[in-house]
Every structure is written in structure tokens, then in C-alpha cells.
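*Asks:* Residues per chain are reported as follows:
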Amino acid sequence: MPHLVIEYTSNLENFPEAHLLDALNAAVIASGQVQNEQDLKSRTVRTEQFVIGADPTALRGFVHAELRLLAGRTPEAKRDLSDRIGAVLREFTPHPEGMLVQLSVDIVDMDRGAYYKGTL
Amino acid sequence: MPHLVIEYTSNLENFPEAHLLDALNAAVIASGQVQNEQDLKSRTVRTEQFVIGADPTALRGFVHAELRLLAGRTPEAKRDLSDRIGAVLREFTPHPEGMLVQLSVDIVDMDRGAYYKGTL
Amino acid sequence: MPHLVIEYTSNLENFPEAHLLDALNAAVIASGQVQNEQDLKSRTVRTEQFVIGADPTALRGFVHAELRLLAGRTPEAKRDLSDRIGAVLREFTPHPEGMLVQLSVDIVDMDRGAYYKGTL
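Residue numbers (our numbering), protein chains in the order written: chain A, 1 to 120; chain B, 1 to 120; chain C, 1 to 120.
Calculated from the structure, these hints are not laboratory results. Watch out, some of these pointers could steer you wrong.
Unchecked claim - Heads up, incomplete: computed chain A residues facing chain C, CB under 7 angstroms, no partners named: (1) Ser10; (2) Asn11; (3) Leu12; (4) Asn14; (5) Arg46.
To be verified - Covered by chain B, according to a simulated footprint, are these stretches of chain C (three or more residues, beta-carbon under 8 angstroms): (6) 20 to 29; (7) 57 to 64; (8) 72 to 82; (9) 86 to 96; (10) 105 to 119.
Beta carbons are placed, not taken as given, at the ideal position from N, Cα and C, and that holds for glycine.
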């Protein structure tokens, strides 16, 4: 059931969406925290309109990952997932000259008692 | 104040966005958990770039709902809301031949003390 | 590390995305809750497909802000952030004649132990 959403700013040209998602899914599945590989649902969102901080002269971009998992993982397991995702972001994110690119990963618990799951 | 966001993968052709949102709002309001019908704000997001799991030969799609409510509902009320939303997703989601379509609903508490609400 | 996402409905024509983001960043940084101005990453999302409530004859729109911060702020600090953001939304949101426009701000804690942060 994990959901992974990757947002990236549109000034990161040639952002490798498909390759990044393949690598992220491999890394998250390798953690052993996904019961069935097909449960991991990952997507990218391109952000066209953004402002980072308060210095209009600075060249800045970001990539942000949010992983939503059913509650119950240990803090160590969440830290490990976050580091795995961060390492893949670092490997695949383009780095335009002179740009400060911030990478971040947020791990979010989902309410297990209220979660609905079905298939067609 | 509830917020409902429906994400769906772009391989679910002819996804009935408007009809689905109308049916979801009717189902959520019928739960009795929305004080004023106008408080329920629902939207769809079409996901063009996604990878589900780690098998590139598999035909897969998903529809994911996130309902954000002010904290304070009972676990039973959240379970009921999740099941109502799941039932509507099941009724309205197209099922392309040979595709595994995953449906999910996440119910999220919002911090009541910090929530801002206003109207123009 | 704060992340600020502003969603607005597409019936709010001439929505001032860039000016709003500049004003929001100034207001959030002025709160003293952001360690380094460059940490604040703000973006807008335009929502094209939405249904508010259950009255198809009503003219309605919304602007919704979600601010995600590392856990640890006091309830008072969160309330202050929410009010600052709400005041900026109220100042910059267009008000088409006859439309009920709902404004809202949700302040969300991020798990400090699992958060990944890096730069390129």
C-alpha cells in the first residue's frame, strides 16, 4: 500500500522521471518494507510555479519525496526508507550550474484502521 | 472543512471525473460527518507519470483518495467514511481489460487548533 | 525545511500566483519559525476539476494552504503561522462577483526522526 509522490521544480531540465521512479521503486522494495511489489505506487509531479525563500536573485530548485505507509513501522525502518529514497534522489537529480538544489524526504504514517484497499 | 483529493492514473481512459466527484460528495455528506454541505471541497488530480511496483510487463493503474478532516472523529466514523468512499471508487472507476487497478482511501486528521478557515 | 503548497480552483481568474507566493514567504519568514530563508519551499497547484458541496447551482471556489513543518513547534506558534498565511490568502485572493470563496490553512507536523535533507 505505500504511496510515493515526488515533486520537482520545472527548472530542473531533463528531469529523468521514469528512470527515477524505477530506481526509487527498486530501492524501496529492497528495504523489505513492502509486502508485495505491486503495492508500491509511485508518481512524479512537476511544479511550474514556485518560490524558494525570499531572495529573488538566487537560483534554486528542489525535489521533495513523500512516502505514505500504513502506521506500525519502527523509527529505524522509517529512517532507513528515508535514506534509501534520499540516496536515489541524489543520484538522479540533475544539477544545473550555479543552482542550489534542495532534496528532502518526508515519511508519513497512514491510519491503518481507516485505510480502504480494494482491486478491480 | 473536509478536503477530498482523488488521484488517478492516466491509463484509466474516460475516467468520469465530474460524475465521480458528484457521487463522492453525496456519499460523504450522507455520512452525517459534514456540518454544512458547502464545506466539502473535492477535486481530482490526473497522474501522467507513474510506476507501480517493479514489473514493467504488468498492466497496472490506481485510484487513490485522501480525505482530510479536522481531528475528533471516532475510529468508527473514519472507517465508515473510508468504506463509503471506497464503494464509490469501485462503482465509477473504469476497468480496462487485463489491468490490475488498485483502489485506496486514506483518512487524515487535520490539527484543529491550528486550522484557519475564512470566506470571501 | 518547511513546505508550503497552495491549491486554488481555476474559476478564480487572474489568480496572482507569483505575488501570492512572494507575500506568503515574507509572512512565514517574518514569523521567526524558519531557520534559514532558503529552507521555505512554496508552490501553487491549479485545480481544474473540482466539486464543492452538493449544490450544482452555487458559484463556489476555494484556496487551500498546507504548511508542512518538522514536529516540535508549540500550538501557539502553529496558530500564529496559520493566521499569517490566512491573512495573506485573504489579501491576494480574487473575489469574483457572487462567488463564495473558502480559504483554509492546514498546519502539518513532519516526522523529525525520519526526515531526509540534502543539497546539490
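*Asks:* Decide, hint by hint, whether the structure agrees.
*Replies:* Results of checking the hints against the structure:
no., hint, result
1, Ser10, "10 angstroms, violated"
2, Asn11, "12 angstroms, violated"
3, Leu12, "10 angstroms, violated"
4, Asn14, "14 angstroms, violated"
5, Arg46, "10 angstroms, violated"
6, 20 to 29, "violated (count 0)"
7, 57 to 64, "holds (count 4)"
8, 72 to 82, "holds (count 5)"
9, 86 to 96, "holds (count 5)"
10, 105 to 119, "holds (count 5)"
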